[in-house]
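*Asks:* The lines below spell out each chain.
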Amino acid sequence: MIEARNLSKTFGPIEAVKDLSFDIREGEVVGLLGPNGAGKSTTIKMLTGYLTPTNGSVKVADLDASREILSIRRRIGYMPQDIPLYEDMVVIDYLHFISDIRQIPAASRREKIKDVAERCSIEKVITQSIGTLSSGYKQRVGLAQALIHNPDILILDEPTSDLDPNQIVEIRNLIKDIGKEKTVIVSSHILSEVQATCGRVMIISEGRLVADGSPDELLAQERSNNIVHVTFLQVGSEEGVDAISWIDGVSRVKPMEDGHFIVEAVKGKDVRPDLFHLAVARNWVILEMRTEQVSLEDVFRKLTMN
Amino acid sequence: MNKLKNILTVFRKEFLSFFNSPIAYIVITVFLLFCGWLFFQQFFLAGQASMRPLFALIPLLFIFFAPAITMRLIAEERKTKTISLLLTLPLGNMEIILGKFLAAEALLGVGLLLTLPYAFTVASVGMLDWGPVWGGYLGALLMGAAYLAVGMFCSSLTSNQIVAFILGLGICFVFFIIDKVLLLLPERLSNVFEYLSVDYHFHNIARGVIDLRDLVFYLSFIAAFMIYAIYAIQREDWR
Chain A
0 MIEARNLSKT
10 FGPIEAVKDL
20 SFDIREGEVV
30 GLLGPNGAGK
40 STTIKMLTGY
50 LTPTNGSVKV
60 ADLDASREIL
70 SIRRRIGYMP
80 QDIPLYEDMV
90 VIDYLHFISD
100 IRQIPAASRR
110 EKIKDVAERC
120 SIEKVITQSI
130 GTLSSGYKQR
140 VGLAQALIHN
150 PDILILDEPT
160 SDLDPNQIVE
170 IRNLIKDIGK
180 EKTVIVSSHI
190 LSEVQATCGR
200 VMIISEGRLV
210 ADGSPDELLA
220 QERSNNIVHV
230 TFLQVGSEEG
240 VDAISWIDGV
250 SRVKPMEDGH
260 FIVEAVKGKD
270 VRPDLFHLAV
280 ARNWVILEMR
290 TEQVSLEDVF
300 RKLTMN
Chain B
0 MNKLKNILTV
10 FRKEFLSFFN
20 SPIAYIVITV
30 FLLFCGWLFF
40 QQFFLAGQAS
50 MRPLFALIPL
60 LFIFFAPAIT
70 MRLIAEERKT
80 KTISLLLTLP
90 LGNMEIILGK
100 FLAAEALLGV
110 GLLLTLPYAF
120 TVASVGMLDW
130 GPVWGGYLGA
140 LLMGAAYLAV
150 GMFCSSLTSN
160 QIVAFILGLG
170 ICFVFFIIDK
180 VLLLLPERLS
190 NVFEYLSVDY
200 HFHNIARGVI
210 DLRDLVFYLS
220 FIAAFMIYAI
230 YAIQREDWR
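Sequence order for the protein chains is A and B.
According to numbering that gives the first Met the number 0, numbering within the first sequence proceeds without interruption in unit steps and concludes at 305.
According to numbering that gives the first Met the number 0, numbering within the second sequence proceeds without interruption in unit steps and concludes at 238.
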């Protein structure tokens, strides 16, 4: 559905995006992840045709962005970052304006606007001027605007930045719902959001694609070793390290204070039963034993920090 | 057909938003105030049944009012970043610029329409020759459009409305004054400069004589600045 080849974008001396290539298939929900200033928005702006790439090409639905940008824009619903809206317009007039440009026929327009207002829950404010709305409502008006023509591709640049926790859940459900039949690209620096909504994550750092896969794949990549934390009652560091190192499959033991040890084992090996048997044999008391969870945060931090 | 519809959509939105904000009311009120004061001062002094005093003033007034009308049209979109949405809708740049330009011209037209009572007042007290009056209005619309085109171009260059206004004012003033400094120039150049003067062509039309040369001048002047504006609008900002 979307084909980006060797995209790069420079602004004067700043290289915002460097040699980015990716394919997005129809029906995928892709999370574009990266720290602030990584080039997420620039990438998105190149996909929507707002920015022209310095190098490389974009194809959307087999249409070349450099030649058929208007046909591409017809198929895209886009909500830019910071949801820019015409503050002096009334919500319903704004939606009519967008419907005019989106060439929604007059016969079905009333129904479409009503439908999209309901989906984004903005019926209550539909006769208010946009400037008077809270940022949560503004964000949902921005979303309604992007959805009104039922686009094949929905591109949302940080869609939940101004919402409260309840609204975030609502929007996530909406994104998931839309993602069942449409292609969705969501940019965010909030990891839990991407984990909750996206089937595929692309991590961008300093303008480069540093990881691409499903959240589980990315986690598996990071989970090369199994790490177990174990704490024994009154066991000295040396004594503990000595004994634990003998367990089959243990690659490293790191003693912490107060009988706490971090045990690293080779991939696929769960050392917890062995630790239990060791404790029984030596008559040690286990106070705590747990495996370390690798989170997307760890993956993210590792990939985007130098 | 689609293009026309898009231009109309942009036009309608912009024209209504003039009246949703105080701009339209302020511009029209101040314009009428100036016209009224300057016109009636002359009218009673000269004691002639003619609209000429008014049309003598309009070129100068428009230098201020045209950039004031256009200054926000694109600069504000840049400032509030709505331009990132506008330019990613299925709209051509030409459709955006033309729609906005026509909205500005329509506002100017409303202002001029409201000066018609002056003409009727004059006609009621003396024999008014309507030829130059209609010529004057047509000329004012064309000259206004030329100034608005300059203003649109300036507005598309910046995200700061004040910069757009001052720059527009400056460029408009240059095209107003250009035939008034002829004395200082070599004779060979004076024809060129006279031809470039917005004011010169206005006075030709305001005499009631509609010459093709004047129309061609205005239309090509407007087209040139519209094209500059169309190119300037896609100037890329850093994020």
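Please note: incorrect hints may appear among the correct ones.
[Stated by the list, open to error] Label-pair distances were calculated between CB atoms; the ranges are:
id, chain 1, residue 1, chain 2, residue 2, range
1, A, Gln166, B, Leu195, 54 to 64 Å
2, A, Ser56, B, Ile161, 52 to 62 Å
3, A, Ser120, B, Phe39, 55 to 65 Å
4, B, Arg212, A, Arg66, 36 to 46 Å
5, A, Asp163, B, Thr79, 48 to 58 Å
[Unchecked claim] So the derived list for chain A, only partly shown, Cβ under 7 Å to chain B, looks like this:
id, residue
6, Tyr85
7, Arg207
8, Ala210
9, Phe275
Don't read these hints as lab results, they were simulated from the structure.
In this text, all values refer to a predicted model and were calculated from it rather than measured experimentally.
The beta carbon of each residue, even a glycine, is placed where N, CA and C say it ideally should be.
*Asks:* Check each numbered hint against the structure and report the violated ones by number, ascending.
*Replies:* Violated hints (numbers, rising): 2, 5, 7, 8, 9; every other hint is consistent with the structure.
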